[in-house]
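The primary structure of each chain is shown beneath.
There are 4 protein chains.
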Amino acid sequence: MEPSRSVLTSPALQRYRQIRSQTERLAAPLSAEDCALQSMPDASPVKWHLGHTTWFFETFVLERALAGFSPYRPEFRVLFNSYYVGVGARHPRPERGMLSRPSLDEVKAYRASVDERIEVLLARHDGDAGMVELGLQHEQQHQELILTDLKHLLSRNPLYPVYSNERDKNRTDADALQWRGFPEGVRQIGHSGAGFAFDHERPRHRVFLAAFRIADRLVTNGEYLSFIHDCGYERPELWLSEGWDARVAQNWTAPLYWTQQDGRIDGKQFTLQGLRDIDAAAPVTHVSYFEADAYARWAGARLPTEAEWETAAGEPRSGNFLESGHLHPMCGAGQFFGDAWEWTSSAYGPYPGFRPAAGAIGEYNGKFMVNQYVLRGGSCATPESHIRASTRNFFPSAARWQFSGIRLAQDI
Amino acid sequence: MEPSRSVLTSPALQRYRQIRSQTERLAAPLSAEDCALQSMPDASPVKWHLGHTTWFFETFVLERALAGFSPYRPEFRVLFNSYYVGVGARHPRPERGMLSRPSLDEVKAYRASVDERIEVLLARHDGDAGMVELGLQHEQQHQELILTDLKHLLSRNPLYPVYSNERDKNRTDADALQWRGFPEGVRQIGHSGAGFAFDHERPRHRVFLAAFRIADRLVTNGEYLSFIHDCGYERPELWLSEGWDARVAQNWTAPLYWTQQDGRIDGKQFTLQGLRDIDAAAPVTHVSYFEADAYARWAGARLPTEAEWETAAGEPRSGNFLESGHLHPMCGAGQFFGDAWEWTSSAYGPYPGFRPAAGAIGEYNGKFMVNQYVLRGGSCATPESHIRASTRNFFPSAARWQFSGIRLAQDI
Amino acid sequence: MEPSRSVLTSPALQRYRQIRSQTERLAAPLSAEDCALQSMPDASPVKWHLGHTTWFFETFVLERALAGFSPYRPEFRVLFNSYYVGVGARHPRPERGMLSRPSLDEVKAYRASVDERIEVLLARHDGDAGMVELGLQHEQQHQELILTDLKHLLSRNPLYPVYSNERDKNRTDADALQWRGFPEGVRQIGHSGAGFAFDHERPRHRVFLAAFRIADRLVTNGEYLSFIHDCGYERPELWLSEGWDARVAQNWTAPLYWTQQDGRIDGKQFTLQGLRDIDAAAPVTHVSYFEADAYARWAGARLPTEAEWETAAGEPRSGNFLESGHLHPMCGAGQFFGDAWEWTSSAYGPYPGFRPAAGAIGEYNGKFMVNQYVLRGGSCATPESHIRASTRNFFPSAARWQFSGIRLAQDI
Amino acid sequence: MEPSRSVLTSPALQRYRQIRSQTERLAAPLSAEDCALQSMPDASPVKWHLGHTTWFFETFVLERALAGFSPYRPEFRVLFNSYYVGVGARHPRPERGMLSRPSLDEVKAYRASVDERIEVLLARHDGDAGMVELGLQHEQQHQELILTDLKHLLSRNPLYPVYSNERDKNRTDADALQWRGFPEGVRQIGHSGAGFAFDHERPRHRVFLAAFRIADRLVTNGEYLSFIHDCGYERPELWLSEGWDARVAQNWTAPLYWTQQDGRIDGKQFTLQGLRDIDAAAPVTHVSYFEADAYARWAGARLPTEAEWETAAGEPRSGNFLESGHLHPMCGAGQFFGDAWEWTSSAYGPYPGFRPAAGAIGEYNGKFMVNQYVLRGGSCATPESHIRASTRNFFPSAARWQFSGIRLAQDI
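Line order of the protein sequences matches chains W, Y, D and U.
Start counting the first sequence at 6; every next residue gets the next number (the numbering used here).
Start counting the second sequence at 6; every next residue gets the next number (the numbering used here).
Start counting the third sequence at 6; every next residue gets the next number (the numbering used here).
Start counting the fourth sequence at 6; every next residue gets the next number (the numbering used here).
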């Protein structure tokens, strides 16, 4: 029976199964305990991610498609609602780590039940296909968050637990940084094609850019270490005022997961493979916007705007700009491109003509468009299909638990 | 073989096994997830209690008794050290909920390994018997904390999980409160006998007491409800100044686990058996010192001092004062006496002539003798043998997550 | 002698004296007590403003111009340094209200001494004229802050003290709001002329704007009251997510200085003339970016970008857009244009090609270019010459103590 | 006329005038600015003390004595009410430093007006004499607070302002510490005489004391320096657990006003006479209960209980225990006895049989009887008549801004 089933499976159903099961593969090495803890209000337990992504399909697809719909468990409507006030009450985000119940097994059963109902819909070509696709894209965003949130949790354990034993190859020496120049002019940015894009990537629109140049690769750990050795963390004149305040208040002296012995950097960093030597040739990651900005100032450069970044990324001859894909064993097969999310100097806001969707789904992006900065590119933890020239990620300027790095730009 | 083993088992070994296994019985209904979470800095995960009580035996018994001792896992020396600076570094208390590793199973294996080594010692009548006894008394203290900390955790889950399905019998109507009088005079308090007592129960010493009377039972939920209905929570003149500040800041309007519907008390409370009707005839519990004090003032009475309490409890004819034992099904067989810890008006301090033990074990009680108040008696969660007239429990004045209640006293 | 002095006085000297004495006129109605208090970390005591503006001339003009310069009092170099790390240590901003010494009289003597030395320089056409001009512009910025910080202080006094008895005329009914449209195209913004501009107004540069329309007047108190009556403060769907969090945490239910009786808006607001009736036809002020944004969403509009604003403001036929001047008696003679600073949707950042000045003076604006939003226009408290189409003011999104209001825009 | 006035002046009137004018003498060297600022929530502006002590007479004497009483200014009833909920609303304590109005001159006029009305009462032997006396004792308590709160304020000014130029004589070497022993037995403590005492000094009652010895003088700065040099601030085993937490959180490394150069104690301390050399032979002051307790433990001793202290102080032959009076120039003529308030190990609570007065005045002391510790003796800033064997002062265990010192005791 199984073979015939796969013969009959539609591409939409295959895609649904593949993405949903990828989420479960990410959680597979983890115990119920690993999945239940919350390390800070910004991060969620893995179990919550498993439930929330399921809630998304139940709420935005099943409930709308099925006459006489009844929820799997009514209380999950509240527990797994992230921030959609249009859907009703939400369990408070900082309290997601208080939930030993439902158990991990119960959440997996919830997933299975919703999957079954979605698959029935997909099999009969029913339901809102656009919303299913949004749910899958949403699921992939949470796949990345599962890894970043888990990394943060494990980092707070003095045992430095290992999530995965697969190893990244150490890089050979990084190539010398090259600049690529772009003349001034009116450019177009934003998503235009037929494929999927989040609402905030639209509409495609014109911007005027002055001439600029942009680096062809990210800043490396080795380069960042030079900034540290040049007292980068002790010189307020290199920092934005609020950045310096954050650096002092949180006592930053290096990227987030770099470890110390006796108060000094010891050449190691915590990773999902446990404590590892820092690879000088690899891109620096887990820096805040403030650190990225200070590094750029120290280097006689600046961060690119998102329009500059997208202009550079979108050039047909940009093959050597967008790094050629390499497999990240940690994230499973098929990941490529994108070593780190790249901070831009652009505050996150709406594109001219931006219209959020009607109803609760309109809360997806629009209501976060203040006091955050855009990151472009994608990281080793980002599903491949999300690494588009038009993708806009965004985080507050002090956030460091994402795989966030630095690309330099300059005026010409 | 098993029968012969029990024949050969010494009373010390039997006692050790019985108390250690009782701890595990308390944790038996819980999942690994239940055991890993920490609901507030004051409360610890069940898993941590399981490890810490084991660490106590390893550190204070095995390490001292065994030449060439090596620890089960060196890192546990730090992870499971609660507050003994004399033993070395400690994992920070508010971070106990960050530890998904070691797993619950690993902690159970740790328990088994230490138990095995302790049992060898006990079998050959080796090791510091006094320290073993202290370790068992310590373990019993943590048995109570396992229940109170777990109750706090589960209470923060909107699903109101059930720990135990056994039910307390509802009380019949509470008897009318009777006063028992005591004339002035020099009394003796403190532990004097040959049995075990914690260091702070000693030395037995004389105190002068003015004449007083004391209630023969605890304040009931029904009586406390009258205080609430008489606007007890809205009248600052009934409260200590700092108590009123706490009541406002934390928005107290009832004992800790009483629930509300639409902003009004709904006659239910969260318990380890889930959400239950409040029994008007049962003692009120989960009130802070501030609430106990305000209630007493409202009732035209005051809290007893610990010397008054012990004087009353210790009287030979006090049979009807110390409630006759009743089984608390929740706590397993064999528990009796003590409905709730009873706040006294006595600040926790050393008895005249108090000497803490030398070394790290001297940190057991003495260093907490400031800004806490003594509670006497014992609760449904307290192991029976801890319910002595001389037992001194202590908590800060705003603490509410213990089974803490109210007994009234008056000057004559 | 005095007449001949004025004959000999250069325009630069006249201008210096006029602006410096205007600052003192603002402080004239105030007691030493009024001038010493600090109501929050964001606001400074009037006395500190008097000292700091003087420190600016001493540090950036006198010290550089005079061989063998010695400071008036060396400790003032620290006390009155605001945020220039390049100048050395600073007295912490939240501690400015701890300084009963130097007294107000001592600070006035400091002003007089520095004025005397600056006037000598100006009389002989010595010193850095550009820096003197920057010092005067800086002084004028602090004239506005003196009024806004004072207003905040007095508002925290339940006596509602009166700073000035002069009264604004009540407005007649506000005109109906008119929209003015602008077609898409490449525009130029930024300061280009020969006159003074702050560094962040430059360089003038091109931007591409989509077609938009913009309101010809500010939102009035009456209109804002309709938003309140339509439950604007109770509907999270109207707010940015972070804005809603701020609204809840700070319990906003109306603009900052609107007062309440028995928990309800009472039609009055605190002003520098004491408690006054709210004028329905006057522009609403003292709203945060979050409130401005929520109001705009409720009104089916949005905030303009700063490029849109400047485009509209700079149009030759914009006479009826930039309100015709009216005297604000409170601010003294000669003030006109600008009822309120107008929130734009633009995050504060550098213009393309922006270069801060070398040395400490480069800290003037550049290091604040993160997590703040641009306001355009100018208020009743803004010196007239600062009300330029290119002026950029900036504050964090939750700030409400400035005279900040709302102008609507829309896509076409 | 003046001579005849004094002839006619009753002793009660004379006493009233003398104490009220002493308060004004303390404020005389201060500017309006000095009197307006508040350095922390625990401390009040001098102006507020001037108003509050006046409010006390107006509220508890005039209002009750005068038919048709009308308050001087109704709003002062709220502004200058400290904590008497029975009197009505209170201006929040942390906001006392927000009041530039009423001005210092207005508060002085308030004082004069109330004085005039009280003096009329006293002249005709009207009014509640007991309440007048309480008002005067209360005023004297605030005389001490004026000095301690002012000292804290001036200490936060990097200019180290001088309040008084009079100098304490440096002590010669401190005498060797002598112990005085007391046998066990039932003692009496509490105020018994006809003179004034605060409610909490009563009733006199019996206590049983074990044998103890007590030091005949306070711990000196020199001795305390030995504790510091012996790493007293780096050894948690010397501290109460909560004390160590406070020491770490607040980074204590010496008594409150000891200054540092380059991170090291420099032998100087801030005083009301400005920065002064530390006198090794003088009693250490401005230590918290936690520091006093840690010092005592280091010294192989403990703090006395308040019953022990009063027993020792009350002995007829205690002349050499209670230091012979010496003039403290700072506090004006007539001060003697009491170098510092002396921490006892006794938590502040009611004496057996304590009854607070009826009505609002019952809030004077009773509602603070939790989480504070009793200090005995009196300081250089304490009015002489308050230095009684039965006087009970009380502060939280982390308070350091009072003139608080250390006397050692031991079990025998």
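If you're looking for bench data, these hints aren't it; they were derived computationally from the structure.
Certain hints may be false.
[Claimed, not checked] Selected chain W positions facing chain Y (in silico; Cβ < 7 Å):
#: 1; residue: A37
#: 2; residue: E38
#: 3; residue: A41
#: 4; residue: L42
#: 5; residue: N162
#: 6; residue: P166
#: 7; residue: V167
#: 8; residue: S169
#: 9; residue: N170
#: 10; residue: E171
#: 11; residue: R302
#: 12; residue: R360
Beta carbons: idealized from backbone N, C-alpha and C, even for Gly.
How the hints compare with the structure:
Evaluation of the A37 of chain W hint against chain Y yields a held restraint, the C-beta minimum of about 5 Å falling below 7 Å. Checking E38 of chain W against chain Y by beta carbon gives a least distance of about 4 Å; that is within 7 Å, so the hint holds. Taking 7 Å as the C-beta cut-off, the interface hint given for A41 of chain W holds, the closest approach to chain Y being about 4 Å. For L42 of chain W, the suggested interface contact is upheld, since its CB lies about 5 Å from the closest CB of chain Y, less than 7 Å.
For N162 of chain W, the suggested interface contact is upheld, since its CB lies about 6 Å from the closest CB of chain Y, less than 7 Å. With 7 Å as the threshold, the beta carbon of P166 of chain W comes within range of chain Y, its nearest partner Cβ sitting at about 5 Å, so the hint holds. Here the hint on V167 of chain W is broken, as its CB sits about 10 Å from the closest CB of chain Y, past 7 Å. This hint is violated: S169 of chain W has a C-beta 15 Å from the nearest C-beta of chain Y, more than the 7 Å allowed.
Interface restraint check for N170 of chain W: the shortest CB-CB distance to chain Y comes to about 15 Å, outside 7 Å, so the restraint is violated. At a threshold of 7 Å, the smallest CB-CB gap from E171 of chain W to chain Y is about 19 Å, leaving the interface hint violated. At a threshold of 7 Å, the smallest CB-CB gap from R302 of chain W to chain Y is about 35 Å, leaving the interface hint violated. Nearest Cβ of chain Y to the Cβ of R360 of chain W: about 35 Å, over the 7 Å cut. The hint is violated.
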